[in-house]
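> Okay, here's what each chain looks like letter by letter:
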Amino acid sequence: MRFRAKIVDLACLNHFSRIINTIAKLAKTCILRLTVCKLYFILSDKVANGGASMWCELSQGNFFDEFQMEGVAAEHNEIYLEFVPENLWRAFKTAQSAKAVKIKLTNKHCPCLRVAVELPSLSSSSRIVTHDIPVGVIPRRMWNDFREPSVPDFDVSIYLPVLKTMKSVVERMKNLSNFIVIEANLSGEMNLKIETDLVSVTTHFKDLGNPPWASEDGYQSSAQGRDVESMAEACIDIKKLQQLLAGQQVNPTKALCSKFNSSACELQLVGSFAILSFSRISVFIFVCLKVNIFTAPEDFQYLYF
Amino acid sequence: MPFSAQPPASGERYALSASLDNARHLSSLLRAVHFQDHATCLATASGLRVTVEDAKCIQANAFIQAEIFQEFSVQEESVTFRISLSVLLDCLTIFGTSSLPGTSTALRLCYRGYGYPLMLFLEEGGVVTVCKINTQEPEELLDFDFCSTKVVNKIILQSEGLREAFAELDMTSEVLQITMSPDKPYFRLSTFGNAGSAHLDYPRDSDLMEAFHCNQTQTNRYKISLLKPSTKALALSCKVSIRTDAQGFLSLQYMIRNEDGQICFVEYYCCPDENVTEAEL
Chain X
31 MRFRAKIVDL
41 ACLNHFSRII
51 NTIAKLAKTC
61 ILRLTVCKLY
71 FILSDKVANG
81 GASMWCELSQ
91 GNFFDEFQME
101 GVAAEHNEIY
111 LEFVPENLWR
121 AFKTAQSAKA
131 VKIKLTNKHC
141 PCLRVAVELP
151 SLSSSSRIVT
161 HDIPVGVIPR
171 RMWNDFREPS
181 VPDFDVSIYL
191 PVLKTMKSVV
201 ERMKNLSNFI
211 VIEANLSGEM
221 NLKIETDLVS
231 VTTHFKDLGN
241 PPWASEDGYQ
251 SSAQGRDVES
261 MAEACIDIKK
271 LQQLLAGQQV
281 NPTKALCSKF
291 NSSACELQLV
301 GSFAILSFSR
311 ISVFIFVCLK
321 VNIFTAPEDF
331 QYLYF
Chain B
4 MPFSAQPPAS
14 GERYALSASL
24 DNARHLSSLL
34 RAVHFQDHAT
44 CLATASGLRV
54 TVEDAKCIQA
64 NAFIQAEIFQ
74 EFSVQEESVT
84 FRISLSVLLD
94 CLTIFGTSSL
104 PGTSTALRLC
114 YRGYGYPLML
124 FLEEGGVVTV
134 CKINTQEPEE
144 LLDFDFCSTK
154 VVNKIILQSE
164 GLREAFAELD
174 MTSEVLQITM
184 SPDKPYFRLS
194 TFGNAGSAHL
204 DYPRDSDLME
214 AFHCNQTQTN
224 RYKISLLKPS
234 TKALALSCKV
244 SIRTDAQGFL
254 SLQYMIRNED
264 GQICFVEYYC
274 CPDENVTEAE
284 L
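Quick note, the sequences are listed as chains X and B, same order. Heads up: the first sequence begins at 31 in my numbering, then just goes up one per residue. Heads up: the second sequence begins at 4 in my numbering, then just goes up one per residue.
Incorrect hints may appear among the rest.
Covered stretches of chain X (in silico footprint by chain B; criterion: 3 or more residues with CB under 8 Å from a CB of chain B, positions within the stretch not fixed) [what the hints assert, rightly or not]: (1) 193-204; (2) 226-239.
Not close to chain X: a few residues of chain B, all C-beta gaps over 12 Å, as computed [claimed, not checked]: (3) A48; (4) G105; (5) T152; (6) V155; (7) Q219; (8) T234.
These aren't lab readings, by the way, just hints derived from the structure by calculation. Computed from a prediction, not measured in an experiment: that's the story for all the values here. Even for Gly, the Cβ is constructed at its ideal location relative to N, Cα and C.
Based on the provided sequences and hints, a complete structural model is requested.
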């Protein structure tokens, strides 16, 4: 099992560290999956911890100038590592003006990701700062736990409003209530609602627009033939939503929220989707939050970033 | 937009209805008196008064005159209700507290009467928020009976002078002693903490002193923990009027100028600390 990679380009380095920062804000521990062409950051939380999960897929060619990896076996040419993203973010914080960053999988006392940051200096000899981040190697029999989540069937999909507005609304609502109801319809309207003994607050967004992808394969069933005015709704843990919005270090150019329902339950489900497009890189982070586990144990809210 | 998101037509009968172009004018004043969760609101034709009390010893009033509002109408002689101030502030700042130029949150406020919730309609950039805050039974308020004819000593200071003093107060001291006198030391703030006593004197002819009307020497002590919340108002204000009456009750009036140059007042009343023996003075 071998892995080494190198980033030289400053723009690539900045994008990469912003992604690490976003992930560090969302997850305490996460899985790094390495394949020959791609690297994935995966969080699949257990239901007991709120059930938030995330899927972030990066093409190595978009970030790394050198990328060599050798998996456990020729037919399973992959590596799965468990690590604390906060540690990796700290290592990258020192790398903001670095000339080069090398990442290497080492095994001195325990398996570590070694991040070697080459910093510019005034003298001819360069300074190198090395961070050893302990990682756990995930055995092959557990790889199946970290498969890409499938996109569930939905009722409504809608573009999210300006995230800054939504963030501040959700932040205030978090002070007032533990749960938030998100509802949306096919005519571009979305409401955020909370209701407690003291207060009920509803924020109405309109003219958001509904993405036209409902006609694509597999995504059309429930959304078609639906009354454009009728609201699909889901109730979710407001802290998880706030965490997701607060962790937004990469500004999504497009955010999309889709809502779906499970046929078994009355309650309907929410999902959202954001595509982060940089000049030459597209990043998909898939985040899914467990919905209101008290009323509907089978329901999920999915937020893709 | 659903019907519920529409502000009510002005023809409908509301005990209190008001509208404001910039909700921050209201939220910043309310924040200046936000040291307890609950506030009592009194609306009369002259404006809105929001009162917060603690420990039956301190009372803070924020006055928002009717002129600050673009529209302000009260159907009855006075309308009173009690409300959770932190909830009200969260609702008023739902679109954020930052003051980006060119953006402001418009507010419409309606209250149908006793037993009804306070309705807030907030709008910013085409996004509308509707809040229904349940109101509570108003409580009897303290009457400090502090009228201008009973005032013994009065000093008007520019706030910056007091801001520094309050920021550096020795918080290990239980009390703040205020001396006001027609003779030296004129105006003195003293603390008695673990590290010793500190006295801060303001000379009568200081540039910070806008007015000085002291008729007799008065030394009173006030609990620092009670006065500390008033620094929120002090931070926003441009001038402060410090008055005491014959029994030693303290009135602090803060003049606050908002972004549009309109003037509002926040007032704090505080009881003197009783455990003062003549010997200690």
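> Next, verify each hint and record whether it holds.
Outcome of the hint check:
no. : hint    : verdict
1   : 193-204 : holds (count 6)
2   : 226-239 : holds (count 11)
3   : A48     : holds (28 Å)
4   : G105    : holds (14 Å)
5   : T152    : holds (41 Å)
6   : V155    : holds (43 Å)
7   : Q219    : holds (48 Å)
8   : T234    : holds (23 Å)
When each numbered hint is compared with the structure, no violation occurs for any of them.
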